[in-house]
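Student: So the chains spell out like this:
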Amino acid sequence: MNAPVEKPSASAAGARTLAWDGPTRLFKWSLVLLVFDGWLSNTVGGAYPAWHKWNGYLALTLILFRVLWGFVGGSTARFTNFIALPGRAFAYLRATLAGRPQKYLGHNPLGGWMVMALLGLVGLQAVSGLFAADEDRLVIDGPFVKFVSDATVSFAAKWHHRIFDAIEILVLLHVAANLFATFVKREPLIQGMATGYKPVEPYADEARARPGSWAAAAVCLAIAAAVVFGGILAAGGRL
Amino acid sequence: MKLVFRTMLITAAAAIAISGAYAQSAAIAKRKDILKGVGDATKPVAAMLKGEAPFDNAKAQKALATYASAAKELKGLFPADSKTGGDTAALPKIWDEKAKFDAIFDKLAADATAAAGAIKDEASLKANFGKVLGNCKACHDDYRAKKS
Ligand code: HEM
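As they're listed, the protein sequences go chains A and B. Residues in the first sequence are numbered consecutively from 964, following the working numbering. Residues in the second sequence are numbered consecutively from 2, following the working numbering.
Heads up, a few of these hints could be off.
Listed next, the in silico EDC-like pairs over lysine to aspartate or glutamate satisfying Cα-Cα at most 20 Å (straight line) [unchecked claim]:
| no. | chain 1 | residue 1 | chain 2 | residue 2 |
| --- | --- | --- | --- | --- |
| 1 | B | Lys84 | B | Asp143 |
| 2 | B | Lys147 | A | Glu1098 |
| 3 | B | Lys51 | A | Glu1098 |
| 4 | B | Lys147 | A | Asp1097 |
Derived by calculation from the structure, the hints in this document are not laboratory data.
Please model the complete structure; the sequences and the hints are all you need to start from.
Tutor: Written out as structure tokens, the structure reads:
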């Protein structure tokens, strides 16, 4: 058996190009963990409401970070680069169904909408949690519960449950699409989001991502945290 | 004579049916009443846990004693004929898994008794009371219909 010969020159077959900068990847995998932990802390953490609440504050902070990062982050993380007009999204869907989709370095036109939907829903999930409480108003309540009517709390709790159902469905779709692309279509999307690099290909959007800076990311994160934690405290809520 | 007998029979049948229905709704009303008491006993402790009220061990001990006695009594208040027949949030699943359901009451009673011995001040309240309350959620998540 011959070991595969590694060619030192960047041949088209082995060459890789930057797709996702560090802050974007760190954000992405952190959000995965926080959404999972949001579920976990509710399922087995009924005795520790602070676990679920702090997890939720962090999730909200990250979502806000991502919104800011969508304007000043790396090129593939910017909203202007991946929010496609519905016409383009449908054209991409048709091409995919016909088996000949174009390849994108960043999000493809459908994937971009999935990203927006996931960010939006996780954001709404966290915001609804701020106003939600358990049915008997005994064990867990968000910091804004004491400022709103009982009916509002019930409404928020109801949507906190429903939105999570929607998140579960979208996450399943999102994971299925990425597993399909990675293992059936052999387009290493998952590795790309893990390492930041993807194979060089004639991508439809750009050939190489321009990374955002860690300093800008730190500023975005600081602003997001200040808005979430400062906002709750300034409103007089207890974390 | 025949008519009298028939009337008596019908009356008896009706009486049995009504008392049966009454027994069901009585079990439902009784358990809801006890659970409401459990909730009321919890309220002052919930306020302490959130830091909204000062530590008061008497209230904590009273809540724990309420849980221990309520848990024992409640096990007998979910008879098979009380699935419906009144305004109840109890899910039918209870009667498919009655042993599992009752085991949560046992655990609540055991945890409450253990916590009663352990709680002496605010720190031990915060360290021990949450575990007891975890049983409420564990049961409600699986066996109680959500209003919302
Ligand atoms: C992305 C962040 C969050 C996720 C993924 C999440 C997830 C969940 C889930 C899965 C449930 C159970 C729903 C059900 O039983 O159907 C839940 C319940 C709850 N969460 Fe969150 N949550 C998040 C943020 C928050 C925040 C920020 C707060 C408030 C500080 C909060 C407060 C609550 C409350 C009060 C409940 C109600 C428990 C009950 O109905 O007994 N959550 N959450």
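Student: Decide if the proposed pair is consistent with the structure: Lys147(B) and Glu1098(A), CA atoms, cutoff 20 Å inclusive.
Tutor: Holds, at about 8 Å.
Student: Would you check the hint for Lys147(B) and Asp1097(A), treating anything up to 20 Å between C-alpha atoms as holding?
Tutor: 10 Å, holds
Student: Is the Cα-Cα distance between Lys84(B) and Asp143(B) 20 Å or less?
Tutor: The hint holds at about 15 Å.
Student: For Lys51(B) and Glu1098(A), compute the direct alpha-carbon distance and say whether it is at most 20 Å.
Tutor: 17 Å, holds
Checked against the numbered hints given earlier, this structure breaks none of them.
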